[in-house]
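Undergrad: In order, the protein sequence lines correspond to chains R and U.
Quick note on numbering: the first sequence equals residues 1 to 202 in our numbering.
Quick note on numbering: the second sequence equals residues 1 to 470 in our numbering.
The set of hints was computed from the structure by calculation and includes no laboratory data.
The reader is advised that the hints may include incorrect statements.
Heads up, simulated DSS-like pairs for lysine-lysine below, C-alpha to C-alpha not over 25 Å straight-line [claimed, not checked]:
| id | chain 1 | residue 1 | chain 2 | residue 2 |
| --- | --- | --- | --- | --- |
| 1 | U | K51 | R | K193 |
| 2 | U | K10 | U | K265 |
| 3 | U | K80 | U | K46 |
| 4 | R | K6 | R | K66 |
| 5 | U | K265 | U | K166 |
| 6 | R | K193 | U | K10 |
| 7 | U | K253 | U | K10 |
| 8 | R | K193 | U | K164 |
| 9 | U | K256 | R | K195 |
| 10 | U | K365 | U | K393 |
| 11 | R | K193 | U | K259 |
| 12 | R | K195 | U | K265 |
| 13 | U | K256 | U | K10 |
| 14 | U | K265 | R | K193 |
| 15 | R | K195 | U | K253 |
| 16 | U | K256 | R | K193 |
| 17 | U | K10 | R | K195 |
| 18 | U | K10 | U | K166 |
| 19 | R | K66 | R | K10 |
| 20 | U | K393 | U | K71 |
| 21 | U | K265 | U | K253 |
| 22 | U | K51 | R | K195 |
| 23 | U | K164 | U | K265 |
| 24 | R | K156 | R | K10 |
| 25 | U | K10 | U | K164 |
| 26 | R | K193 | U | K253 |
| 27 | R | K156 | R | K6 |
| 28 | U | K259 | U | K10 |
| 29 | U | K259 | R | K195 |
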Amino acid sequence: MEAFTKWTAKAAPIDAANVDTDQIVPAPFLSRIRTEGYEGLLFYRVRRNADGSMDPDFILNQDAFKDAGILVADRNFGCGSSRENAAWTLWDNGIRSVIAPSFGDIHYNNEMNNGMVPVMLSAEICADLRQQLHDNPGAEITVDLENNVVVAPDGKPHVFSIPEFNRYRLLNGLDDVSFTLESETEIAAYEAKRKQEADWLY
Amino acid sequence: MATPRTMFEKLWDAHVVLQRDDGQTLLYIDRHLCHDGSRQGFTKLKNENRKVRRPDLTFASPDHYRPTDIKAVSEIQDQKMREILEELAANADRFGIHHFGLDSGMDGIAHVVGPELGVTLPGISLVCGDSHTATHGALGAFAFGIGASEVAHVFATQTLWQRKPKAMRITVDGKLGFGVSGKDVILAIIGQISAAGATGHAVEYAGSAIRGLDMEGRMTVCNMTIEAGGRAGMIAPDETTFAYCEGRMFAPKEDKWDKALAYWKTLPSDDEAGFDTEAVVDGNAIAPMVTWGTSPENVVPVTGAVPDPANEPDPVRRATQERALDYMALTPGTRMTDVAVDKVFIGSCTNARIEDLRLAAAVAKDRCAQVRTLVVPGSQQVKREAESEGLDKIFTDAGMEWREPGCSMCVGMNGDILQPGERSASTSNRNFMGRQGEGGRTHLVGPAMAAAASVSGHFADVRTLMEGKS
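Could you build all of it, start to finish, from the sequences and the hints given here?
TA: Written as structure tokens, this is what we have:
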């Protein structure tokens, strides 16, 4: 996993609540393995018209936003399916951070397990950020994980919190299986105890 | 006296391997279900040259990519789908995990197979690389969906790092009316608390209307917890639960059963236990429900109409509603019973268990499907049971298709899809844009309402349709 310390990039406003992972990457692409890549698949259907042509009104189809590296969304971003392919698709299309008032729980973890930083800020701040991005197309946002702060286009800092465990892993680019196996003694002890106390499980 | 605890807290505490100072907890996983879509987790495991730590606790069932018109893997025409099912069998063989293949007579949707084989039990922790894993909480388990990296982590360590979710209780008291099922209960709940109403929470469903549900109905309710944003859903185990579990293949037997039962009876939340969040829904007032938009929270009673976004004060919400209505090709004010359907899907991990099929068959009996209708049982066991009751005959006599078990048109990964512009009445769990096929328009309903839409050609109030029958 790549380490994440600070990311400054153009940001795009996604003015919708409940952006589900089916929208982020539709099911027909899920049979792709990770190494096949997901470039060009972000919001594959939502960004197209019924006839397959690109919808010029979709924000990421517009010149000022097409290279966005950060998304600012509304509540419940990444709800729905557990498909980690959604995080991969965001990553393969240059997105390293999504800012929203709330996230689907599974997607939130999937982002962090792939070196991305999901930032939770209040609905009011998110709405304000989206408005600033509409008013200044192509404006940049900074997500500073070392200081737990987002710097808005107007220069205002917004402090956010992220679980310390995940923050540490993200800052250091640590994969957690090796990390977990350092607790082998505790895992083995739990298994022994469980086998004795809850033998009905086995 | 010990501090009063919720059922969730009891389940959580029983699975803590260790807790770090930063609050992160390493939880032990008693049962890991996987499926043909878990291949990315297997790939990660192989790339890192690791083994499955507890193959005895790991169970695989092909469901997402399984075509519902074939009986054996060798019959699958689509090369990619065939390879994916073969890959699961090969991975199961390589890592020594349980595999309910198409030749086992036990295959089906992971969330149907787990409970019916007794893999799922009260008091356990269970994960699966699928968001509808909360289903298993209906038995009094702590069950939640995970991503591919986490699947690989559980394979390798039989544990997961978790932050403790908050505890939420949703109480549904009252008596459900005729024609109202578990699906209507959960849709009414989501309509009330929103698609993010339970985010960050483990939800316990309580109240007389919940206790009155059979296991199938309880599983339907817990299944869609994710559609309210919840991490896990659960229902206190009781005599209904114990009777369901007893005698199942992987359930404990004899002395172990007695010991398990004694423990399970300690699981319900203590009377004095507090919840971080509470919601109350009036069970007496729940009608058969139909969704109109592209989020499960976009739901109205079948007697209702398509809402008018102009009445929504928040501009983002209004724009979202307008976009949903545009996608669904619906006009504000249209009565739901005036909306015609092109296809009906009865199936999925939400509504493909035996009781769901009985509810649908009661409506289909002596009637004729007006549109193409797929009935997809949740497992081989459900299929056999339905056939022994003659339900398959009722469906086929009505002109409906009786298929092999799998996820099918819920997620459209196996070839069962809507064509662009087609409208479905579907017993599945998501009405997201394109979920059932590009340009497809999905309306979520319960199994009786799906059958009612099939025989009417449009949404119909099953209570009116079944008047005079019981």
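Undergrad: With a cut-off of 25 Å on the C-alpha distance, tell me whether K193/R and K259/U pass.
TA: holds, 16 Å
Undergrad: Has the given pair, K256/U with K10/U, been kept, meaning a C-alpha gap of at most 25 Å?
TA: holds, 20 Å
Undergrad: Verify the proposed pairing of K193/R with K164/U, using a straight-line Cα cut of 25 Å.
TA: holds, 22 Å
Undergrad: Please verify whether K253/U and K10/U have alpha carbons no more than 25 Å apart.
TA: Within the cut-off at roughly 24 Å; holds.
Undergrad: Does K393/U sit within 25 Å of K365/U, going by the straight-line distance between their CA atoms?
TA: Measuring from Cα to Cα gives roughly 9 Å; hence the hint holds.
Undergrad: Holds or violated: K259/U and K10/U, Cα atoms, limit 25 Å.
TA: holds, 17 Å
Undergrad: Take the C-alpha atoms of K164/U and K265/U, compute the straight-line distance between them, and say whether it is at most 25 Å.
TA: holds, 23 Å
Undergrad: Tell me if the straight-line CA distance from K193/R to K253/U falls inside 25 Å.
TA: Cα-Cα ~21 Å, so holds.
Undergrad: Run the distance test for K10/U versus K265/U: straight-line Cα separation, threshold 25 Å.
TA: holds, 12 Å
Undergrad: Assess, step by step, whether the Cα of K156/R is no farther than 25 Å from the Cα of K10/R, and give holds or violated.
TA: The hint holds at about 16 Å.
Undergrad: Quickly compare the C-alpha distance for K10/U and K164/U to 25 Å and report which way the hint goes.
TA: holds, 12 Å
Undergrad: Check the hint pairing K256/U with K195/R against an upper bound of 25 Å on the C-alpha distance.
TA: holds, 12 Å
When the structure is compared with the earlier hints, no violation turns up for any of them.
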